[in-house]
Amino acid sequence: MLGDQSSELSENNGESESPTLRLCANGACMKTTEVEAKLDEGNIQDAESSLREGLSLNSEEARALLGRLEYQRGNVEGALRVFEGIDLQAAIQRLQVSAPPPEKPSTKKKVPREQPQQSASQHAANLVLEAIYLKAKSLQKLGRTTEAAQECKSVLDSVEKIFQQGIPDAQVDTRLQETVSHAVELLPALWKESGDYQEAISAYRRALLSQWSLDNDSCARVQKDFAVFLLHSGVEASPPSLGSQVEGSYVPRNNLEEAILLLMILLKKFNQGKAKWDPSVIEHLTFGLSLCSQTSVLAKQLEEVMPGVFSRVERWNSLALCYSAAGQTSAAVNLLRKSLHKHEQPDDLVALLLASKLCSEEPSLAGEGAGYAQRAVNNAQGMDEHLKGVGFRMLGLCLGKQAKVPTSDFERSRLQSESLKALDGAIAFEHNNPDLIFELGVQYAEQRNLKAASRYAKEFIDATGGSVLKGWRFLALVLSAQQRFSEAEVVTDAALDETAKWDQGPLLRLKAKLKISQSNPTEAVETYRYLLALVQAQRKSFGPLRTLSQMEEDKVNEFEVWHGLAYLYSSLSHWNDVEVCLKKAGELKQYSASMLHTEGKNQNTLLTTLLTSLCINMLIFDESSVPCKVAVGALLSERGKEHQPTLPVARSLLSDALRIDPTNRKAWYYLGLVHKYDGRIADATDCFQAASMLEESDPIESFSTIL
Amino acid sequence: MSESASSHDSPPAPTIAGDSQTTAANESDTNAKCQTAIQSLSSIVTTTTIPSTISLLLDDSAVSAAISSLLQRPDSGSGDNNLCRWLYDTFQSTEPSLHLLVLRFVPLIAGLYLSRVPLRQPQAGFEAVLLALYAHETTSRADQAVTVNIPDLSHPSIYHESKGPAKNNSTCLNIAVVSSTLDPHGTIRESTRRARIVGVALELYYSEIARMPRESKLDFCGACEKWAGQNGETRAGVVPEEEESVAVARSEKDGGRIPLPWELVQPMMRILGHCLMGMKVEDREVKEAASKACQSLYLRALHDINPKAILAAGSLLRLREMALDPKNQIDHTEISNDNVLSV
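Those protein sequences? They're chains A and B, same order as listed. Residue numbers for the first sequence follow full-length UniProt numbering, beginning at 1 and rising by one. Residue numbers for the second sequence follow full-length UniProt numbering, beginning at 1 and rising by one.
Because the hints were derived from the structure by calculation, they are not lab data. We treat Cβ as the ideally placed atom computed from N, Cα and C, and that holds for glycine. Hints may contain errors.
To be clear about the criterion: a stretch of chain A counts as covered by chain B if any three or more of its residues have a C-beta under 8 angstroms from a C-beta of chain B, and this derived list gives those stretches [to be verified]:
{"hint": "1", "stretch": "182–191"}
{"hint": "2", "stretch": "229–236"}
{"hint": "3", "stretch": "455–469"}
Pair by pair, the computed Cβ-Cβ distance ranges are [what the hints assert, rightly or not]:
{"hint": "4", "chain 1": "A", "residue 1": "N26", "chain 2": "B", "residue 2": "S61", "range": "56 to 66 angstroms"}
{"hint": "5", "chain 1": "A", "residue 1": "S702", "chain 2": "B", "residue 2": "Q144", "range": "33 to 43 angstroms"}
{"hint": "6", "chain 1": "B", "residue 1": "I175", "chain 2": "A", "residue 2": "Q211", "range": "47 to 57 angstroms"}
{"hint": "7", "chain 1": "B", "residue 1": "R284", "chain 2": "A", "residue 2": "S413", "range": "57 to 67 angstroms"}
{"hint": "8", "chain 1": "B", "residue 1": "V281", "chain 2": "A", "residue 2": "D157", "range": "23 to 33 angstroms"}
{"hint": "9", "chain 1": "B", "residue 1": "D325", "chain 2": "A", "residue 2": "D409", "range": "54 to 64 angstroms"}
{"hint": "10", "chain 1": "A", "residue 1": "N432", "chain 2": "B", "residue 2": "V281", "range": "36 to 46 angstroms"}
{"hint": "11", "chain 1": "A", "residue 1": "R175", "chain 2": "B", "residue 2": "E161", "range": "21 to 31 angstroms"}
{"hint": "12", "chain 1": "B", "residue 1": "Q144", "chain 2": "A", "residue 2": "S704", "range": "37 to 47 angstroms"}
{"hint": "13", "chain 1": "A", "residue 1": "R337", "chain 2": "B", "residue 2": "R85", "range": "50 to 60 angstroms"}
{"hint": "14", "chain 1": "A", "residue 1": "K274", "chain 2": "B", "residue 2": "N339", "range": "30 to 40 angstroms"}
{"hint": "15", "chain 1": "B", "residue 1": "R85", "chain 2": "A", "residue 2": "S519", "range": "46 to 56 angstroms"}
Bound-form chain A, shown alone:
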């Protein structure tokens, strides 16, 4: 009891010290204490009359003021009782009658009217509208959201009725505008709370498409709320009505489009300084655009954000994510180089890992990538320790890729074993990561440790339940390298069973090659024909909208198929068929070294000189292409039988090719020929021996095609 009293006392003291709540009207003011006491007793009538006397108000005004007092005191139930005592609808009808009749409808909004009458009617209108608005708020706080929404809606309906030509900009009563803005913002939220989503959508659109003279910040809030609603409510909004559409303007057709449009408009407003920056907008846009895989559009939006909003490193890193998701690797790497510079944030793990991954895809960048990966490994500590495995994995991939860049044999084998070591290190952290298992397998295969490779290939297929196409292909290649062709074919057939027709291309190509290896050219031709039909069907029906094939990067191209078929026919000495195939292939690609090579074999020595010059032209365009070098080298070495001066050129080309790809069997073979024609029999023997050894462990397609 005592405690209660003392707290009451201190509250009173506090009140008398701080500015007291006062009620003012018509030049008079009064303290609220007396009125509040009456309200607390539940005596609304008495409270009202004391207001009417003290401030010379009419009954409505007094009630409205009382209601607001109750609301502000946090007594929403009391406020509701007071508001229910006012006949608000009648008041609105009176206002409508007294409102000025419609003038020229063409000049919306900005018609100057008689000042006193205008402000008087605005004043009266605000009194009523604010009362209804507070009633809606009170209902909302009591959880009666549907009723609240109806009251709130009636505020907006009334505004439209009373001010049929819009509220005049110049002399709008600020309090009236405030009430209107509040109601515009509250209405959709109330419908949403009450679960009436269709009403919520039309309330949002009404807020944004009608003239409410909202200030920029509240308009921005409504736009953002609507965008969030469209993105996440899971309720499909029907497209906006035709009435709101201006000829030639963009009309969104569905939720995602409308949400992205709104968010982009918001971002533009921020950039132009028209509204206060809201960090959630860019996050919502990030979500929306990455769902549609439009990260390059997102990058553009990020670039337009005013400087100072993000730190530059933050911006660079986000942009790098966007560009790398959009496949623009070099742009992403350039940005990451800046953000990982020693004066910026050199230890940022996500940036380091992304950079190392992007570099691991490109032999010339692999060395740089290994550096990033090593830094990631060193920095993955504490909370981020779980990323250490990822760092090791990237390190392994980068080193493996680096081993492909021309370098000394010693350096190459060092890189390869380091790569394996790193991948093994990674697996200690992530023993359940199938991707890692796969990469480890490929690394072993590249080093011709076929036993280990086949073990990992099987493990990968198990772990992914056979759902990843490259797993099947890898196992078939490993088996082919072990010269177990029939088993490889069984695996390929199993994979074909697991794969939809549309994605079977690479498997069919593999199968055809396996048939050739098993000296079964007729069936190989059959398989090639089937593959051709598939590839051609795909070419015709592949619109931009049919994507998402697992082997996106490894689509079989038609040229390759014609070329393969030509090669097959030439081995069968079906020269007419060879010619047809080569013609078809020629239509698709004008100059190709390996095609010319086949053609050269076909017509033998007649055109070789010409062909050679063409090939050399090709090499100028594509300097590092191993198959190209080998093809030209092969041509020259065969020609060298009669024409000695071409041999040194052939020799340097082939040695070049072997520096890049030391496991290229054909290069060894032709280099052997060059030595033989030149009379260096011992060297020739070594080369032929290398070629034959490699043949025993040569996969039917290069292992590097699947990683």
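Assemble the complex: chain A is given as a structure, and chain B must be docked to it using the hints.
Quick look at chain B alone, frame taken from chain A:
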């Protein structure tokens, strides 16, 4: 699906498209279908009483719990499983309310199915249900991809004016594919299509997400965490003394980790977005489960170094953080608390 290239807004259900003459007939037909479904369910779920109407059944948590526990049995996905057969038949009935009843269990079925794939146990029952959903979407999308036109602000729109050329802009729009064309002859035996088929089932689930009960959403968040397979790692750094128990928990959860291609991640993200920001009633439990799932998927995206998933999951996490910040919880529709009240 919510976005569509062609004309359809929601999956067209033949039974509700009937004109007034056939309404009565349809209604009795509907009732009959629902009664059949209820009766056959009562022979499968024996632990609790089945309500007599579909609308009651949809909201009956006891029945849902009973079905869920049946689904979670180790042999639940097999081809001769009664419950799977019931789910399949019920979905085939083309009755919208019965569809909802089946969709409610998509999170559980998809979650169990994909996580059990490496165990090599027969799952023909689950496969039949998932394929039925896939076939339904294939028909209703009519060989169209789901696309979005990315707006270009240099052209005016209903929400903004622009000084740019107001010519017909349909040609220069940037079309984005949200969900690619469905291959009508897909079967789940083709295991390389598995993720796509489950992804489409999740897309269908998302299209009805506003009508799904909270337990179903909780099931989904659980499935996401399992698929991501990153549970142990988040905690490992925080409580090192529990290292051993965490390690045990991790190896238990290993079974759930699955490859997460974009065709799965994308619908997953949309559902989680709804759980975090789109629910009618504030539901703390669902929100927390969803943000945990998001956290796991974000970590997984980092492990996969998948930039698109990093962006999507990262943005959801940051939005969640912002929403929890008291400074962003201002009610802008509240009136100002003046000390002087005037008329």
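Exercise. Is 30 to 40 angstroms a correct range for the gap between the Cβ atoms of A/K274 and B/N339?
Worked result: holds, 32 angstroms
message = Holds or violated: the 37 to 47 angstroms window for the beta-carbon distance between B/Q144 and A/S704?
response = holds, 38 angstroms
Margin query: 46 to 56 angstroms was suggested as the range; check whether the CB atoms of B/R85 and A/S519 agree with it.
Written below: With Cβ atoms ~50 angstroms apart, the hint holds.
Requested in this report: With a C-beta cutoff of 8 angstroms, work out whether three or more residues of the stretch 229–236 of chain A approach chain B closely enough for the coverage to hold.
Outcome: holds (count 7)
Measuring from beta carbon to beta carbon, are B/I175 and A/Q211 in 47 to 57 angstroms?
Given a distance of about 33 angstroms, which is not inside 47 to 57 angstroms, the answer is violated.
ask   = If you check the beta carbons of B/D325 and A/D409, does the distance land in 54 to 64 angstroms?
value = holds, 59 angstroms
Are there three or more residues in the stretch 455–469 of chain A whose C-beta lies within less than 8 angstroms of some C-beta in chain B? It holds: at least three residues are needed, and the stretch 455–469 of chain A offers 8 whose Cβ sits within less than 8 angstroms of chain B.
A range of 33 to 43 angstroms was offered for this pair. Does it hold for the Cβ distance of A/S702 and B/Q144? holds, 39 angstroms
message: A range of 21 to 31 angstroms was offered for this pair. Does it hold for the Cβ distance of A/R175 and B/E161?
response: Distance hint for A/R175, B/E161 holds at roughly 30 angstroms.
With a C-beta cutoff of 8 angstroms, work out whether three or more residues of the stretch 182–191 of chain A approach chain B closely enough for the coverage to hold. holds (count 4)
- Query: Between A/R337 and B/R85, does the beta-carbon spacing fit 50 to 60 angstroms?
  - Reply: Holds - the Cβ-Cβ distance for A/R337 and B/R85, about 59 angstroms, lies within 50 to 60 angstroms.
Satisfaction of the hinted span 23 to 33 angstroms by the C-beta atoms belonging to B/V281 and A/D157: holds, 27 angstroms
Going through the hint list in order, the structure does not satisfy hint 6, though it satisfies all others.
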